[in-house]
Amino acid sequence: SQQGEEDPQALSIQEGENATMNCSYKTSINNLQWYRQNSGRGLVHLILIRSNEREKHSGRLRVTLDTSKKSSSLLITASRAADTASYFCATAEDNYGQNFVFGPGTRLSVLP
Amino acid sequence: NAGVTQTPKFQVLKTGQSMTLQCAQDMNHNSMYWYRQDPGMGLRLIYYSASEGTTDKGEVPNGYNVSRLNKREFSLRLESAAPSQTSVYFCASRGSRGFFEQYFGPGTRLTVT
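These protein sequence lines map, in sequence, to chains A and B. For what it's worth, the working numbering labels the leading residue of the first sequence as 3, then goes sequentially. For what it's worth, the working numbering labels the leading residue of the second sequence as 323, then goes sequentially.
Hints may contain errors.
Distance condition first, Cα-Cα at most 27 Å in a straight line; then the derived DSS-like pairs of lysine-lysine [stated by the list, open to error]:
| no. | chain 1 | residue 1 | chain 2 | residue 2 |
| --- | --- | --- | --- | --- |
| 1 | B | K393 | B | K336 |
| 2 | A | K28 | A | K58 |
| 3 | B | K379 | A | K28 |
| 4 | A | K72 | B | K379 |
Simulated from the structure, these hints should not be mistaken for laboratory data.
The task is simple: from the sequences and hints, build the whole structure.
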C-alpha cells in the first residue's frame, strides 16, 4: 500500500517561480522525509521533519507538516532548471522506523 | 568513500533464470534496504535488514530472497525470474541513531523477457 501520496503528479513551472508539492499519509509517524530523484539516478535525501515539528527550512526548501491532517508540503522557492526532477515523500510505517513507504512522486519540470 | 554501490548496472534475464544483485556500503551503516521502482511509480520496499544477521519482509517480498552477508553487504536474489520483476532495483543504507536519512545506490535496471 502507498502510505505517502503526493500531488500533483506532475508540475511544470518557469524558472524563478515557486513550486509546491503535497504529500498525504495514512498512519501515525515519527518523521517524514522528502527525497529528489533525477532521471535515471538514485534518490537523494532533501530534508526530514519530525512529528513534533511544524515547519523546517533548508536553503530554498521549506517543508511543513500537519499531523492532524496527515499531510506535508514541500515548497521550492526561486526554482532553477536544475530543480527538474521527481520528488518523493517517505514515511516509516513501523515503530522502529524501518519499514519505509514512498509515495508515487511529483514530477517537476522547471522551464528556462 | 564510494557510498552505496550496486552491481550490475544493467541485466537482461530470460523467464526462469536466476540472478543475484549485489549491494555494498562503506558508511558503517547498520540498516540496509532493497526497493524496486516501476515506471512512473514510487519505490516499494522488498526486504530490509535492520542490522547484521537480521532480515525482514517489506511490502513486496514474494519472488525474492536476501542475504545480509556482513555489515557492508546486502544481496537480493531472484530464484526464478518472471516478467513482472522487470524493474529498477535500488539498494539503500541508513545510520542507526535516530531516524537518519537513507543513502541510495545508483540502481540496477533489470529486464526479464
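Comparing the hints with the structure gives:
1. K393(B) to K336(B): 32 Å, violated
2. K28(A) to K58(A): 21 Å, holds
3. K379(B) to K28(A): 20 Å, holds
4. K72(A) to K379(B): Distance of about 25 Å is within 27 Å: holds.
Of the numbered hints listed earlier, the single one contradicted by the structure is hint 1.
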